[in-house]
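A.B. asks: Chains as they are written, first to last, in our numbering: chain A, 1 to 334; chain B, 1 to 326.
Please note that a few of the clues may not be correct.
[To be verified] Short derived list, chain B residues pointing at chain A, Cβ under 7 Å: (1) His14; (2) His18; (3) Pro56; (4) Ile57; (5) Gly121; (6) Ala125; (7) Phe127; (8) Gly255; (9) Gly271; (10) Glu272; (11) Ala300; (12) Phe301; (13) Pro304; (14) Leu305; (15) Tyr308.
Keep in mind that the hints were calculated from the coordinates and are not lab data. Glycine included, C-beta positions come from ideal geometry on N, C-alpha and C.
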Amino acid sequence: MALERDKHVAQHALLTLDEAQLLAMYRKMSLIRRFEEKSAEMYTRGKITGFCHLYAGEEAVAVGAIEALYDKDYVVSTYREHGHCLAKGADPRAVMAELFGKATGISHGRGGSMHLFDPDIRFMGGYAIVGGGLPLAVGLGLSIAYKEEPEVACCFFGDGALPQGAFHESLNLASLWKLPVIFICENNFYGMGTLVQNAICQEELYRFAEPYKMPGVRVDGMDVLDVYRAVTEAAARAREGDGPSLIEAVTYRFRGHSMSDPVEYRSKREERIWQERDPIKNLRRRLLAEKRVSEARLDQIDAEVGAVIDDAVKFADESPEPPLEELAKNVYVE
Amino acid sequence: MEITYIQAINQALHEEMHRDENVFVMGEDVGELGGAFKATEGLLAAFGEERVIDTPIAEALIVGAGVGAAVLGMRPVVEMQFADFISCAFDQIVNMAATLRYRHGGRASCPMVIRAPSGAGVHGALFHSQNPEAWFTRVPGLKVVAPATVYDAKGLLKAAVRDDDPVIYFEHKRLYRSLKDDIPEGDFVVPIGVAELRQEGEELSIITYGGALNQCLDAARIVAKEDGLSVEVLDLRTLLPLDREAVLKTARKTGKVLVVHEDRLTGGFGGEVAALIAEHAFEDLDAPVRRLAALDAHTAFSPPLEEYILPNTNKIVDAIRSLAAY
Ligand SMILES: Cc1ncc(C[n+]2csc(CCOP(=O)(O)OP(=O)(O)O)c2C)c(N)n1
Ligand SMILES: [Mg+2]
Numbered sequence: 001m002a003l004e005r006d007k008h009v010a011q012h013a014l015l016t017l018d019e020a021q022l023l024a025m026y027r028k029m030s031l032i033r034r035f036e037e038k039s040a041e042m043y044t045r046g047k048i049t050g051f052c053h054l055y056a057g058e059e060a061v062a063v064g065a066i067e068a069l070y071d072k073d074y075v076v077s078t079y080r081e082h083g084h085c086l087a088k089g090a091d092p093r094a095v096m097a098e099l100f101g102k103a104t105g106i107s108h109g110r111g112g113s114m115h116l117f118d119p120d121i122r123f124m125g126g127y128a129i130v131g132g133g134l135p136l137a138v139g140l141g142l143s144i145a146y147k148e149e150p151e152v153a154c155c156f157f158g159d160g161a162l163p164q165g166a167f168h169e170s171l172n173l174a175s176l177w178k179l180p181v182i183f184i185c186e187n188n189f190y191g192m193g194t195l196v197q198n199a200i201c202q203e204e205l206y207r208f209a210e211p212y213k214m215p216g217v218r219v220d221g222m223d224v225l226d227v228y229r230a231v232t233e234a235a236a237r238a239r240e241g242d243g244p245s246l247i248e249a250v251t252y253r254f255r256g257h258s259m260s261d262p263v264e265y266r267s268k269r270e271e272r273i274w275q276e277r278d279p280i281k282n283l284r285r286r287l288l289a290e291k292r293v294s295e296a297r298l299d300q301i302d303a304e305v306g307a308v309i310d311d312a313v314k315f316a317d318e319s320p321e322p323p324l325e326e327l328a329k330n331v332y333v334e
Numbered sequence: 001m002e003i004t005y006i007q008a009i010n011q012a013l014h015e016e017m018h019r020d021e022n023v024f025v026m027g028e029d030v031g032e033l034g035g036a037f038k039a040t041e042g043l044l045a046a047f048g049e050e051r052v053i054d055t056p057i058a059e060a061l062i063v064g065a066g067v068g069a070a071v072l073g074m075r076p077v078v079e080m081q082f083a084d085f086i087s088c089a090f091d092q093i094v095n096m097a098a099t100l101r102y103r104h105g106g107r108a109s110c111p112m113v114i115r116a117p118s119g120a121g122v123h124g125a126l127f128h129s130q131n132p133e134a135w136f137t138r139v140p141g142l143k144v145v146a147p148a149t150v151y152d153a154k155g156l157l158k159a160a161v162r163d164d165d166p167v168i169y170f171e172h173k174r175l176y177r178s179l180k181d182d183i184p185e186g187d188f189v190v191p192i193g194v195a196e197l198r199q200e201g202e203e204l205s206i207i208t209y210g211g212a213l214n215q216c217l218d219a220a221r222i223v224a225k226e227d228g229l230s231v232e233v234l235d236l237r238t239l240l241p242l243d244r245e246a247v248l249k250t251a252r253k254t255g256k257v258l259v260v261h262e263d264r265l266t267g268g269f270g271g272e273v274a275a276l277i278a279e280h281a282f283e284d285l286d287a288p289v290r291r292l293a294a295l296d297a298h299t300a301f302s303p304p305l306e307e308y309i310l311p312n313t314n315k316i317v318d319a320i321r322s323l324a325a326y
């Protein structure tokens, strides 16, 4: 499972980015981690119910990719989408309130954890149907191309989505029509309890790009800069009108599939190996090593982020439930 | 021995796989993990990888491959992890499986079972709460069952496995562990197409199935105690083919019918039941047929909204009282 990649390319990227940008990435990753830790806590306390899939461990993928995009670009995700939504700039208060099912939630309490959506920041949704987001991303690309706009649509999905027809249909068409779509597969080795090699005949997932005639790369999804670099290239290509790319980000979810998963299908040893590659600690170590920032500065960011999340939880907790009489509102356009 | 609804499903699978080596189970994480809800727990150890098959996430393929295997005489029991994902396999079910025998002039058949965990009440939000039975009850060639008791969970699944036509088996998630009963051990089947009178009564009939049955029985008990009302409760058990005789019999007997289901009102199966009664038992009715079902919106995540959208015992009690007063 070890990922051999051209490390110095990523190291180089660290040098070319300015400090503000690196710290922004650090802050976002730290924010997501803190958000997920609090979500777990609130779930255990019964404040959050239903199905809740946490992103802890995979932060570098969402943050590296979304930092490489412009604000005007679109993002589509899965049911494990708290991280993408926050990275795209959503208000943590509105996201946490959604997990609580409150009226002030980003989807007004209608969707919950798996169905975040905020068109204002061009976060075009989390989708609880595996593979469900890919055709939609193609449609975003189609609209962008039709209107000759400069944006790209960036679509995240898990390794589990590759066997769905929707994956193949989407890559084919995006390639055929040279649509500005970036397909990012978050390969965390498991779809629930099923290992990738037990579900997919081609374990090197990025190689699915070949038959669909688009560039395919595998990046270290525990390294925010490696993801950043690959998505920067893919976005430039898409904006040039050269069509889609497939990026396989190899990563690991630190927790179970959902809050109710006892995680019996993988070893503690394997988990420890990946914990050591924690993307946040990874970036922190490198920032310190290159003496660009002080430890105190990073601690301060962590503390600030902690306060933001505490505030979000308080906000969610104190927010009202959605009014019952509005149940059928928005079934149709009024 | 007392077992739960989900244990009944598990037992039925064990017994049927033991009885007939052509029976096999296929679905997402049904093997080592025993399924998302543990319905297939222990099957892998008992029957091995060849007959307990973990598939990739690809519902159209799971059903479609089941159809192919069934044509050659296998008896696949395929699992949709949640009934909500059955829509991903819609074409394979309504076009391929349902029409297969007819299309080929009776020269082949499709003896497969599609298990679909359905129902709300677990805060699963829009894509993990659905009751999609009515999408299928209008498709000739399919059979659709929805057990409401532990006994039926086992007996109907065994009947479904032995049936030579494709059967969709809707199992209600909320019942999995909340419903327990002492049922006879060993082999028995509950015939497909036969409804069951759960409670005899004189003044009013409730016709229901699946997750709503126990709420209806609770409501019937409440109105018996508080209002002295005698309510009959008919559990359809099978939706397609519908036990028309049983429906008409209870309607004619009490003259007042309330149809209850957890699926939405508009286009829900209750409409078919109401129409049947209106057409064939009109003369015996003392009141219009009433329906109580989920409101015509999506199952929102918000727990209060979810509670509000779904039928429950209190709402059924109110509906009984209003119909009784007609
Ligand atoms: C169409 C469909 N089938 C099955 C499921 C149930 N399900 C939810 S997540 C999941 C595993 C997905 O794994 P992967 O795509 O690798 O994403 P990860 O959870 O690892 O982020 C499954 C089977 C679903 N949500 N949608
Ligand atoms: Mg995965």
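A.B. asks: Decide, hint by hint, whether the structure agrees.
C.D. replies: Right, here's what the structure says about each hint:
1. His14: violated, 21 Å
2. His18: violated, 25 Å
3. Pro56: holds, 3 Å
4. Ile57: Holds, because the Cβ-Cβ distance from B:Ile57 to chain A comes to roughly 5 Å (cut-off 7 Å).
5. Gly121: violated, 11 Å
6. Ala125: holds, 4 Å
7. Phe127: Holds. Min distance 4 Å.
8. Gly255: Since chain A brings no Cβ nearer than about 33 Å to B:Gly255, farther than 7 Å, the hint is violated.
9. Gly271: It is violated, given that the least Cβ distance between B:Gly271 and chain A is near 19 Å, above 7 Å.
10. Glu272: Violated. Min distance 23 Å.
11. Ala300: holds, 5 Å
12. Phe301: holds, 3 Å
13. Pro304: holds, 5 Å
14. Leu305: holds, 6 Å
15. Tyr308: At 5 Å from the nearest chain A Cβ, B:Tyr308 passes the 7 Å test, so the hint holds.
Comparing the model with each numbered hint stated earlier shows that hints 1, 2, 5, 8, 9, 10 do not hold.
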